[in-house]
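Chains as they are written, first to last, in numbering that gives the first Met the number 0: chain A, 0 to 134; chain B, 0 to 521; chain C, 0 to 299.
Hints are not guaranteed to be accurate.
[What the hints assert, rightly or not] In silico lysine-lysine, DSBU-like type, Cα no more than 35 Å apart, as pairs:
#  : chain 1 : residue 1 : chain 2 : residue 2
1  : B       : K400      : C       : K136
2  : A       : K21       : A       : K89
3  : A       : K21       : A       : K67
4  : C       : K24       : B       : K459
5  : A       : K89       : A       : K114
6  : A       : K89       : A       : K67
7  : B       : K400      : B       : K459
8  : C       : K134      : B       : K400
9  : A       : K114      : A       : K21
10 : C       : K24       : B       : K400
Derived from the structure by calculation, the hints contain no laboratory data.
In this text, all values refer to a predicted model and were calculated from it rather than measured experimentally.
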Amino acid sequence: MQLHISANDGVPIYLQIVNQVKYLVASRRLAAGDELPAIRVLAERLVVNPNTVARAYRELEAEGVVEKRRTAGTYVADHGSPLARRERLKILTARVDALLVEARQMNVPFEELLKLVHQREGAMRSAVPREAPHD
Amino acid sequence: MRSIPWVMSWAMLRRSPWGLVGALLGANLLPVFLLSALRSAGGVDPNDPAMIIIHVVLSQITAFVLAAALFGSQGPVSGLFCFPASTATIVTWRLLPAMALAAAAVGGSTLAINALYGMDWPVLGPALTVAAALALVQAAFWLTYETWWMFVGVGAAGALIGTWHKAQYGPLSAMPTHYWRTVTAADVAQLLGFAALAWAGAVIGVGRLRRGDRIPSLGLAAWFLGVADRGPLASRRFRSGEAAHDWCEWRRKGWVMPAIVLLYMTFGVFGWLLGDRDSRELVNGLIAGGGALTLLGLLGGLVFGVSGANGFPIGQFLATRPITSGRMAWSVLRALARSVLTAWLIWLVALLIALAALWTDGFDLRQVQPSLAWWHFPLTLIGPWIVSAPIASLCLAGSEKRFSQTICAVTGVLIAGLAYGTFALSDEARQVFQQLSAALVGVACLGGTAAVTVLARRRKLVDTPVLIAAACTWLLLTGGVLLATADLGAAWPMTILGSGLAALAVAPAAAAPLALSLNRTR
Amino acid sequence: MTESFPTPAPPIVEVQRLSRHFDTKAALDDVTLAIPRGGVFGLIGGNGAGKTTLIKHLLGLLRAQSGSVRVLGLDPVANPVGVLGRIGYLSEDRDLPDWMRVGELMNYTSAFFPNWDDRFAAELREAFDLDGRAKVKGLSRGQRARMGLLLALAHRPELLVLDEPSSGLDPVVRRDILGAIIRTIADEGRTVLFSSHLLDEVERVADRVAIIHQGRIVLTASMDEIKESHRRMTLRFEQPLEEAPPMVGTLSREGRGVEWTYVCSGPEDQLRLAASAIGATVVEEAPLTLDEIFVSRVRT
Chain A
0 MQLHISANDG VPIYLQIVNQ VKYLVASRRL AAGDELPAIR VLAERLVVNP
50 NTVARAYREL EAEGVVEKRR TAGTYVADHG SPLARRERLK ILTARVDALL
100 VEARQMNVPF EELLKLVHQR EGAMRSAVPR EAPHD
Chain B
0 MRSIPWVMSW AMLRRSPWGL VGALLGANLL PVFLLSALRS AGGVDPNDPA
50 MIIIHVVLSQ ITAFVLAAAL FGSQGPVSGL FCFPASTATI VTWRLLPAMA
100 LAAAAVGGST LAINALYGMD WPVLGPALTV AAALALVQAA FWLTYETWWM
150 FVGVGAAGAL IGTWHKAQYG PLSAMPTHYW RTVTAADVAQ LLGFAALAWA
200 GAVIGVGRLR RGDRIPSLGL AAWFLGVADR GPLASRRFRS GEAAHDWCEW
250 RRKGWVMPAI VLLYMTFGVF GWLLGDRDSR ELVNGLIAGG GALTLLGLLG
300 GLVFGVSGAN GFPIGQFLAT RPITSGRMAW SVLRALARSV LTAWLIWLVA
350 LLIALAALWT DGFDLRQVQP SLAWWHFPLT LIGPWIVSAP IASLCLAGSE
400 KRFSQTICAV TGVLIAGLAY GTFALSDEAR QVFQQLSAAL VGVACLGGTA
450 AVTVLARRRK LVDTPVLIAA ACTWLLLTGG VLLATADLGA AWPMTILGSG
500 LAALAVAPAA AAPLALSLNR TR
Chain C
0 MTESFPTPAP PIVEVQRLSR HFDTKAALDD VTLAIPRGGV FGLIGGNGAG
50 KTTLIKHLLG LLRAQSGSVR VLGLDPVANP VGVLGRIGYL SEDRDLPDWM
100 RVGELMNYTS AFFPNWDDRF AAELREAFDL DGRAKVKGLS RGQRARMGLL
150 LALAHRPELL VLDEPSSGLD PVVRRDILGA IIRTIADEGR TVLFSSHLLD
200 EVERVADRVA IIHQGRIVLT ASMDEIKESH RRMTLRFEQP LEEAPPMVGT
250 LSREGRGVEW TYVCSGPEDQ LRLAASAIGA TVVEEAPLTL DEIFVSRVRT
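Given the sequences, and given the hints that come with them, work out the whole structure.
Encoded structure:
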């Protein structure tokens, strides 16, 4: 699991971790049942505060992206569960709204935006880009 | 006006103007004091041959003090290496203003003394000599900078010009016979030769420093340091922080006093072997050397009292060791005591050997030193301690300013008192004055010790057992003083003085912890 | 690991109304600060802001002229052994006894600390590539910092105090130091206090931050609170303006014409209300780096 943290763009570090893990899961570089590194290990590797990593893991767990098992490990959750699915749709709705607002402000017609979405989806399928999108 | 010579001269004067003024005054203090004393003791005869040697020695001391001050006020030459100036330019304008100023200062001082005391001391010769001396010593310094050869190089340059200077007053191996009245063309040529030699050497030396080259080395110093480094200490474990700090103090500073004693003794024995090898001379020299141990205490006190990497302040590393200030100060005192004792034992062993030689030669110590009393021997041990331990305590307080102020005040009072007693009083009044001063100094020492002890007690820096032990030691020493003064038939003020000095021997037990705690927590 | 602040445990450092003057200049002015046990506390401020003066008070190197200082519940001036024996300290000037060898210095230091862990010290010496026979004087700047760090860490102190640990060091050594900070707090209950002006490092590792400026604490909060309560908002006005109108919660503002950027602190909805109150709409909003927050706090 390769994450890249930057303290220079203002996005809180825990959020960077959350976003990048979500992205890795969405792009299937992390599959359901994969184990995430222990908090200490990831903290030392990324050179960030362990509490920050712990907070990111908590957020991810709350959103149903990962799940804690009794044997202290954190694993990528099974995506099929309907509850998680509803949650995810809720998050996505907010994102789509934001995207639509920005497209309108930039004078990008809806059809063009849709084409762009298709295009990006294809790109993600074929070669997984390294750069994680921030919101 | 913005030229290299101008800014370099300006920097020399601006760096520490008061230091230069102080050096000028300080350099003239000794001649003025000496001549004043001579004048009041019965007038100075400018034609007295003894005055010639006084002049030679005084002018060399004056030159040394002034040159050292100028040298110090120029700062390290490496600060100039980044400027777009050739090494020759740097050297020229480093040397010339300092040489001119040194010559002017020495000439001016001599003129002032001539005017004040009606002397007719030569002006031009010594002034020119000091300029050449400054250049030579500077060149030797730069040529050997940051190597062990520095001591040799600077010493040799100073000895060369000093000898040459003395040779102008008569044959080299005898007392000076006449003044250096006229500076001949040959003299000037020789001095110019020295200056040219110094300039060339300085250009080579500064060039070396500027390039960062090392001077060719025989590897002797490196070999010696390597041997010294193979010490057994790297893996030693300490019982406690205190033990570790004992090791630290002793390892870093303990060797200085014994090493100096050993060095002087080696020189002395060599000189004796080269000379007439009279065992009486050897014993006399060693007895005198025992007194000189007390002077060595001045240096020892400074060495042990200055703790930090940057001088008097203790530094954050030592200050943050988890150990009380009292214990750390006691570590310093223990190492100092050990150092004094070692130096004294070296001297004692040498003396015993010399006494054995004296005995085999069929002489008796009483014949050689008729005035020697029993208390001389303990005094050679206690003397260096009484000097070094209070000085170390004073330094441990961590303020260079406070230290120099105290030293200046004490010296000033001493000089003023001496001058007053010598010049202003009749013989009878002087006697009373001297006794009174002795008693006063004794009382001051006793009072100071008491005050320091009370302060240290208030800060819980001195335990009761230490206090009792110190009091007992003081009583013991005072008992010794009583015996000695009775022996000498000295008056009661001397007993008070002796008792006060005995208090100085135990005062550091409270003063050093107090000073260190002030240094540590500001 | 402590997960939320403030913790119920008593703070490891408690400074009450501390003031300190050097000659006439106030180095610390009525500073009150509590550092909770556990976690990383970042003390940030410009050069000469008073960071080192504050830290020296915690170590008992300066006596409080007014106010009080408690470290681990003790007065560091009255009880240097009790306090310093439980602190690991890396000084800003990296003051070490130059004449000792690395091995000797480790031995010497270990004697002062009953908790000194020889195996850990040896591990660190290996990891930091320090030669036991090397003279301290001959160490490079980075190696010297590592040496100081080793001495501060090897007795596993309850409180690790690092004064400007990264200044003047290369990225490799800086990473060693940050790694040490992270490992230290990963152990239960241990606390790190470090001062810095490299704010991206502080942002990475600190839980809590205090900003000190001209001897005063300007802001103390958890990193999350700070990040969440500060934002940059770009406002669009109806008419081009010569001077942007003041707004509640603004720390600084710049721009020209119809668009102005405000750096503000406060809850988002209140700021939006404030923006509409001065007749502007929010066209862009972004989080701020600690660097930007610091600059805008200190400039005002």
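Quick rundown of the hints versus the structure:
1. A hinted pair counts as satisfied when its Cα atoms are at most 35 Å apart, and B:K400 with C:K136 qualifies at roughly 28 Å.
2. Restraint check for A:K21 and A:K89: satisfied, since their Cα atoms lie roughly 15 Å apart, inside the 35 Å limit.
3. For the given pair, A:K21 sits about 16 Å from A:K67 by alpha-carbon distance, which is consistent with the 35 Å threshold.
4. A threshold of 35 Å between alpha carbons decides the hint, and for C:K24 with B:K459 the separation of about 32 Å falls inside it, so the pair holds.
5. For the hint linking A:K89 to A:K114, the alpha-carbon distance of about 23 Å falls within 35 Å, and the restraint holds.
6. Among the hinted pairs, A:K89 with A:K67 is consistent with the structure: their alpha-carbon atoms are about 23 Å apart, no more than 35 Å.
7. For a cut-off of 35 Å, the pair hint linking B:K400 to B:K459 stands: about 26 Å separates their Cα positions.
8. For the suggested pair C:K134 and B:K400, the alpha carbons sit about 32 Å apart, so the restraint of at most 35 Å is met.
9. With a CA separation close to 23 Å, the supplied pair A:K114 and A:K21 stays within the 35 Å bound.
10. Proposed proximity of C:K24 and B:K400 is supported: the alpha carbons are some 20 Å apart, at most 35 Å.
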